[in-house]
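Chain residues, written in single-letter form:
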Amino acid sequence: MDFGGINPAILIASLMAASVPILLAALGELVVEKAGVLNLGVEGMMIMGAIVGFMVTIQTGSPFLGFVGGAIGGAGLSLIFAFLTQVLLANQVATGLALTLFGLGLSALLGQGYNGLKPAATGAVPLGPLADIPFFGRVLFSHDWVVYFSVFMTGVIWYVLKSTRLGLILRAVGESHEAAHALGYKVNRIRLGAIAFGGAMAGMGGAYVSLVRVPQWVDGITAGAGWIALAIVVFASWKPWRALIGAYLFGGITVLQLNLQAAGSSIPVEYLSMSPYLITIVVLVIMSSGRGKAALNAPAALGQNFHASR
Amino acid sequence: MLRRTLLASAALGLGLTLSGGAAMAAGMDKVKACFVYVGPIGDGGWTFQHHDGALQVQAAYGDKVELQWQESVPEGADAERVLTQMALGGCNIIFTTSFGYMDATNAVAAKFPDVKFEHATGFKRDQPNVSTYNARFYEGRAVQGTIAGRMTKSNKIGYIGSFPIPEVVMGINSYYLHAKKVNPAVELSVVWAYTWFDPAKEADAAKALIDQGVDVIAAHTDSTAPLAEAAKTNGAVIGFGQASDMVEYKDGPRVSSIIDNWGPYYVKRVGALLDGTYEQADAWEGIAGGEVLIGEITAAVPAEVKAEAEALRDAIAAGTYHPFTGPINKQDGSAWLAEGATAPDGDLLGMNFFVEGITGDIPQ
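Chains A and B are the protein sequences, given in the same order.
Per the UniProt record's numbering, residue 1 is the first one in the first sequence, and the count goes up by one each step.
Per the UniProt record's numbering, residue 1 is the first one in the second sequence, and the count goes up by one each step.
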């Protein structure tokens with residue numbers, strides 16, 4: 001079963017793996033933005049996760065601990081952002097951009113001496129006979145645990161935001177921090193928690209790049225994936241399952257166009273490469289036409305700092 | 001007040017540059033050499049080698065040279081800003097180390113006639129203070145192609161292209177011609193990554209090729225990611241170090257490499273600036289000139305194939321063999337080189353066609 005020389009099972013399996021970093025980072029950022037904080041430092045947190053995760057795996061030989069380390073690395077960097085914006089009330093956009101620059105530089109410094117090393121491999125989850133099912137075995141049951149984790153987290157975040165008290169509080173803080181404060185919620189503490197969570201998710205996404213997708217460390221390894229994750233959050237209009245679709249679309253089209261070329265297809269790859277960005281623009285135009293910010297589903301207090309004395 | 005001070009110091013800086021220019025003809029006591037890199041120094045490939053060359057300049061002249069560099073400068077408008085800042089900052093000679101800086105280099109050079117600009121792999125010398133330098137990578141590709149043709153078991157070999165520019169097309173043609181020469185059944189798949197440096201995408205490109213049954217991969221991008229991807233196959237797929245030796249993959253998929261050796265050229269040019277003999281140039285050295293080195297061919301390659309590849313390398317170095325020697329037809333079947341004719345440099349530098357036998361189009 002081939003289309004244009006491409007086996008769809010292999011294609012879908014590769015796009016699921018290729019999308020994991022941007023999916024994890026986008027989910028984290030989605031939660032952060034739902035809490036009313038705009039953290040543009042995703043790229044910096046991802047690359048910190050990539051290097052810290054890589055270092056931990058090299059030192060301990062355990063890829064799992066590497067992912068834990070990556071999450072801690074990303075969360076650690078995000079706490080700098082949290083301190084600056086939630087305690088010192090610095091501008092979130094400027095701080096986020098600075099965080100990216102800082103993360104890129106710090107990771108290059110930490111990574112000295114780690115060039116050219118090979119981390120322990122993260123194998124596929126042994127699902128036994130399930131992996132031998134034609135088509136679906138290859139597509140669904142031949143992945144490493146992080147792929148399943150990313151889908152699982154999509155569901156968890158969707159459920160928590162939609163149906164739990166915690167999700168309600170988080171959304172209240174993001175929609176109207178004054179009202180949430182009046183109700184007695186600690187706005188800045190809740191936001192701090194959300195920022196750390198977002199950092200941990202971005203860090204895991206980064207660790208996936210350096211531990212699984214390109215199992216090595218080179219400076220600037222994430223190469224802009226954090227910015228795509230930010231775009232996906234907007235594309236998804238702050239909804240977790242749409243973020244999953246967005247990540248598979250962005251990741252999938254990259255993989256698809258490379259596979260089409262390798263298979264010698266004559267479809268012009270430039271159009272495929274630009275299509276996710278075109279779709280994002282179209283989605284933005286449609287969502288923002290006419291019905292205002294509410295239709296965009298953007299958290300109303302997004303990007304605004306809060307201080308209890310106001 | 002502050003602005004006035006700023007203007008005054010800028011004017012002073014400009015004056016210093018001008019007086020520096022006047023002294024240039026008679027040599028200089030101290031040269032500030034600046035480098036613009038397209039990726040991070042830690043890429044382990046292209047930029048790593050350029051920086052290595054820069055450090056050789058420092059080693060050769062010590063205190064007489066001051067180095068400055070900037071990493072990961074995007075090709076385009078940003079490059080012009082960086083170049084302008086460097087020129088204003090007192091750089092005497094600026095090396096722009098990627099093809100995409102070509103127009104920015106010439107545009108900024110027009111504004112700073114006393115600063116020397118050196119553009120790698122380009123062909124535009126619109127200003128008298130712009131020189132270009134390049135290496136004949138296609139000679140190294142010929143050696144790789146020979147190894148690829150002999151080593152492939154599936155008769156499918158792959159090439160990860162960065163951008164469809166003459167330098168890359170040249171490499172693809174040379175690689176294919178020499179693989180075909182030793183193995184007529186060989187088929188080449190080309191994947192364009194549209195990036196010089198994006199490890200994840202480079203790895204994806206290598207994976208796409210491997211999924212298609214390719215078992216020898218040559219990369220024309222800057223990182224070691226394609227080798228890392230090939231390493232996942234436990235020896236089923238081999239590849240080559242690109243731009244740098246990439247020795248860390250020696251025990252794995254890397255069977256040989258092309259090493260860009262920029263140091264001697266950088267040392268020569270900065271030295272010329274110091275002693276006052278600097279002139280505009282268009283340098284294009286290859287294996288013979290020591291600018292392209294072939295990295296050690298590992299034991300994964302059978303001895304007779306290794307000997308064959310090394311004989312080819314030596315023939316190119318001695319000047320007895322040109323990798324583009326006719327008869328060669330273009331992809332559409334029309335004649336390019338007649339029997340025994342070798343390709344003129346002009347044809348190579350503007351190469352925008354595949355040779356006969358390669359399938360697929362060059363994106364326009």
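Note that these hints are calculated values from the structure, not bench results.
Values in this document were obtained by computation on a predicted structure and should not be read as measured data.
By construction, the Cβ of each residue, glycine as well, lies at the ideal position given by its N, Cα and C atoms.
Don't take every hint at face value.
Said to hold, decoys possible - Computed beta-carbon distance windows for the label pairs:
1) B:N234 to A:L65: 22 to 30 Å
2) A:V283 to B:K124: 50 to 58 Å
3) B:A299 to A:Q59: 46 to 54 Å
4) B:L88 to A:L79: 51 to 59 Å
5) B:K181 to A:L79: 35 to 43 Å
6) A:V125 to B:K124: 50 to 58 Å
7) A:V285 to B:Q68: 43 to 51 Å
8) A:G193 to B:K153: 34 to 42 Å
9) A:F64 to B:D347: 53 to 61 Å
10) B:V247 to A:Q59: 55 to 63 Å
11) A:V125 to B:A185: 34 to 42 Å
12) A:V156 to B:A283: 58 to 66 Å
13) A:A94 to B:T84: 44 to 52 Å
A quick look at each hint next to the structure:
1. Judged by the Cβ atoms, the range 22 to 30 Å given for B:N234 and A:L65 holds: they are separated by roughly 24 Å.
2. For A:V283 and B:K124, the hinted distance range of 50 to 58 Å is not satisfied, since their beta carbons lie about 40 Å from each other.
3. At about 31 Å, the CB distance of B:A299 to A:Q59 disagrees with the hint of 46 to 54 Å.
4. Separated by about 38 Å at the C-beta atoms, B:L88 and A:L79 break the suggested range of 51 to 59 Å.
5. Evaluation of the 35 to 43 Å hint for B:K181 and A:L79 yields a failure: the beta carbon distance comes to about 60 Å.
6. Judged by the Cβ atoms, the range 50 to 58 Å given for A:V125 and B:K124 holds: they are separated by roughly 54 Å.
7. Between A:V285 and B:Q68 the Cβ separation comes to about 44 Å, which falls inside the hinted range of 43 to 51 Å.
8. At about 55 Å, the CB distance of A:G193 to B:K153 disagrees with the hint of 34 to 42 Å.
9. The supplied range of 53 to 61 Å is met by A:F64 and B:D347, whose beta-carbon atoms lie about 55 Å from each other.
10. Separated by about 23 Å at the C-beta atoms, B:V247 and A:Q59 break the suggested range of 55 to 63 Å.
11. For A:V125 and B:A185, the hinted distance range of 34 to 42 Å is satisfied, since their beta carbons lie about 39 Å from each other.
12. Separated by about 59 Å at the C-beta atoms, A:V156 and B:A283 satisfy the suggested range of 58 to 66 Å.
13. Checked against the given bound of 44 to 52 Å, the beta carbons of A:A94 and B:T84, roughly 24 Å apart, lie outside it.
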